[in-house]
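K.L.:
Chain residues, written in single-letter form:
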Amino acid sequence: MKISIFQIISVSAALLLTACSSTEEKNSSLLSGPQGQPVDSASTNSYQNGQGVTGTEFNQAGRDLMPAELGAEFTDPNNPLSKQTIYFMYDSSLVQQDFIPVIAAHAQYLVANPGRRLVLEGHADERGSPEYNIALGEQRAKAVARMMKVQGVAEAQLDVVSYGEEKPGVEGHNEAAWQMNRRVELIYQGQ
Amino acid sequence: MTRLLFSLILFSGLVWSYPGKAEISIEITKGVEIAIPLAVVPFGWEQPHQLTVDVADVIQADLSRSGFFKVLPERDMLTQPSATEQVRFRNWQALGQDYLVIGKVTPAMNKYQVQFQLFDVYKGEQLMGYRMDVTQSELRSAAHHISDMVLEKLTGKKGVFNSRIAYVTTHKQRTGKRRYQLKVADADGFQPKTIAESSEPIMSPGWSPDGKQLVYVSFERRRAAIYLQTLASGKREKLTGYKGINGAPAFSPDGKKLALTLSRDGSPDIYVLDLRTRKLQRITRNYAIDTEPSWSPDGNHIIFTSDRGGKPQIYSIPSTGGRATRLTFSGDYNAGAHYSKDGSQVVMVHANRGDYRIALMDVKTGAINVLTGGRLDESPSFAPNDTMILFAARQGGRSVLSAVSVDGSMQQHLVFDQGEIREPAWAPAL
Chain A
1 MKISIFQIIS
11 VSAALLLTAC
21 SSTEEKNSSL
31 LSGPQGQPVD
41 SASTNSYQNG
51 QGVTGTEFNQ
61 AGRDLMPAEL
71 GAEFTDPNNP
81 LSKQTIYFMY
91 DSSLVQQDFI
101 PVIAAHAQYL
111 VANPGRRLVL
121 EGHADERGSP
131 EYNIALGEQR
141 AKAVARMMKV
151 QGVAEAQLDV
161 VSYGEEKPGV
171 EGHNEAAWQM
181 NRRVELIYQG
191 Q
Chain B
1 MTRLLFSLIL
11 FSGLVWSYPG
21 KAEISIEITK
31 GVEIAIPLAV
41 VPFGWEQPHQ
51 LTVDVADVIQ
61 ADLSRSGFFK
71 VLPERDMLTQ
81 PSATEQVRFR
91 NWQALGQDYL
101 VIGKVTPAMN
111 KYQVQFQLFD
121 VYKGEQLMGY
131 RMDVTQSELR
141 SAAHHISDMV
151 LEKLTGKKGV
161 FNSRIAYVTT
171 HKQRTGKRRY
181 QLKVADADGF
191 QPKTIAESSE
201 PIMSPGWSPD
211 GKQLVYVSFE
221 RRRAAIYLQT
231 LASGKREKLT
241 GYKGINGAPA
251 FSPDGKKLAL
261 TLSRDGSPDI
271 YVLDLRTRKL
281 QRITRNYAID
291 TEPSWSPDGN
301 HIIFTSDRGG
311 KPQIYSIPST
321 GGRATRLTFS
331 GDYNAGAHYS
341 KDGSQVVMVH
351 ANRGDYRIAL
361 MDVKTGAINV
371 LTGGRLDESP
381 SFAPNDTMIL
391 FAARQGGRSV
401 LSAVSVDGSM
411 QQHLVFDQGE
421 IREPAWAPAL
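Going line by line, the protein sequences match chains A and B. Residue 151 in this note's numbering sits at position 151 of the first sequence, and the numbers go up by one each step. Residue 268 in this note's numbering sits at position 268 of the second sequence, and the numbers go up by one each step.
Here chain A stands alone, though its shape is the one from the complex (with noise of 0.2 Å):
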């Protein structure tokens, strides 16, 4: 019963050699060469490439406005135009009463200044699927800017994009903090 270590050793080292070859390919895949080094040389290419991989910073619609660039209406409290944040119900693109008067003043804003762009980004709480969260979003931001168009606002005004829960307004992992979250912010495009 009692094999010496000698003998295991050469039982193994045969087995390493032949039965084991069937699997070799795996073996030597798993622990040599090419299965540990893609991930480690993919990290520094994508270093290398800097501006390939870490893309920043960089706006295709141009850059965002602050409220106080877009003129005084946009700061005072008691214009609708200060309010540029429209909020949902859970799992619900439908826009509620209370926003229809701030959806409207900015459509009045964008037909009066045919220059301005806005874009619309749609966003949702962290709950559930993110994927499904993404689409939530842009029926959000779809919403709004369909409101908007049937009040006269040019398409080419409007821009859409969905963020999901991936840029969550408020941190914090509650009702109040989901709340916050489930949002279309309009931001103003300038050059």
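Don't read these hints as lab results, they were simulated from the structure. Don't take every hint at face value.
Quick list of the computed label-pair ranges, beta carbon to beta carbon [stated by the list, open to error]:
no. : chain 1 : residue 1 : chain 2 : residue 2 : range
1   : A       : G169      : B       : F329      : 33 to 39 Å
2   : A       : P77       : B       : G354      : 30 to 36 Å
3   : A       : G71       : B       : D210      : 36 to 42 Å
4   : A       : N78       : B       : T277      : 29 to 35 Å
5   : A       : V170      : B       : E46       : 39 to 45 Å
6   : A       : R63       : B       : D210      : 41 to 47 Å
7   : B       : G343      : A       : R63       : 46 to 52 Å
8   : A       : R63       : B       : P297      : 29 to 35 Å
9   : A       : N113      : B       : T175      : 44 to 50 Å
10  : A       : R63       : B       : D342      : 37 to 43 Å
11  : B       : G419      : A       : E73       : 55 to 61 Å
12  : A       : G71       : B       : R285      : 39 to 45 Å
13  : A       : R63       : B       : G396      : 35 to 41 Å
Here are a few chain A residues that sit away from chain B, every Cβ distance over 10 Å (derived from the structure) [said to hold, decoys possible]:
no. : residue
14  : E69
15  : T75
16  : K83
17  : L94
18  : D98
19  : Q108
20  : Y109
21  : G152
22  : A154
Reference listing, derived: stretches of chain A covered by chain B, where coverage requires no fewer than 3 residues with Cβ under 8 Å from a Cβ of chain B [unchecked claim]:
no. : stretch
23  : 120-129
24  : 135-145
25  : 176-190
Beta carbons are placed, not taken as given, at the ideal position from N, Cα and C, and that holds for glycine.
Use these hints to put chain B onto chain A, whose structure you have.
P.N.:
Below, chain B without anything else, positioned relative to chain A:
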């Protein structure tokens, strides 16, 4: 009582004793009672300098994480043999151990030779013995490989300790801006490497069937676009950048096609992109949300999330298009579904009254079994051997990756010391 709760066994102490790599610790929060008692003796190493990896420690962690073994703590060992002639089987019998793993590491040229043996303690017999030559950076991999071999020998199940996972991390920088990183790590969370990063969101990593490429969504140009990146070279290619959503990319089982979500024609719909011809075929046409496509293992069907019935539920449609049929009927919310590799189960996020949990649906009967008890569990991904499901969860204030066995009996967390960790995707076994 069929379940034994190991109350937060922290391995973090062990984790931190090794230099550099550790940003993760493993906690087993729920273990099984009927586990095989097994001892893994610290591997012999007779050199003055310390080895960078404690091979036995990695094997112990792997085997206890599998849920099949109850691993003997090192402090309970009476002796620490590293060669056959040093083994006194009676000692291990007295400790109630069924199996014993011993081994040693010896320097060999510029490499290391790792040798291990597995014994049946009661028969006093060797069941397996191997030697392998590895470089220093492959020591962890060698240890995982030993775990795989031991698991397969004793349970007949293919091990997945040597596989990898991809996931996305987010952390806030001092400037207040977020940084999004796509990472690939060993299945135990060690040796993480950043393969792409951006100050805009990165989402939905998915593996090619050969494990050599990843598809993902990046908002780096403040527009969603789907990228295909080859791990070995770090090179990548933009596959789609249509107006609106470019999301939820999923390789077909043969690796020739990609299912994805686009909203270029209005509402989000499922499309299939032929990676060779670059032809795009629209699969669903619906005013509602259709997203999160995932292929059946035979490639004939695509399951997806749709709210066409009012709430998100899982539907199935032939992968060449056709009529969609609804698969899920229980729960307020079912989304993010994936087939098991054998096609018998579908895993999904399942919500009832505001708690989002991971559930398995039996494909034949349609019965749903909720596996987890969290409030914000999401993004489930099957292990390549179908025995476990990896998902993102929240534990107190912490963001964790969790793994649960398919019967729900065993659960563990990979805990990250900072930032958010999300959207894990388990790589295919190679």
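K.L.:
Just pull the numbers of the violated hints for me, sorted ascending.
P.N.:
Those not satisfied are hints 3, 4, 5, 8, 9, 10, 11 and 25.
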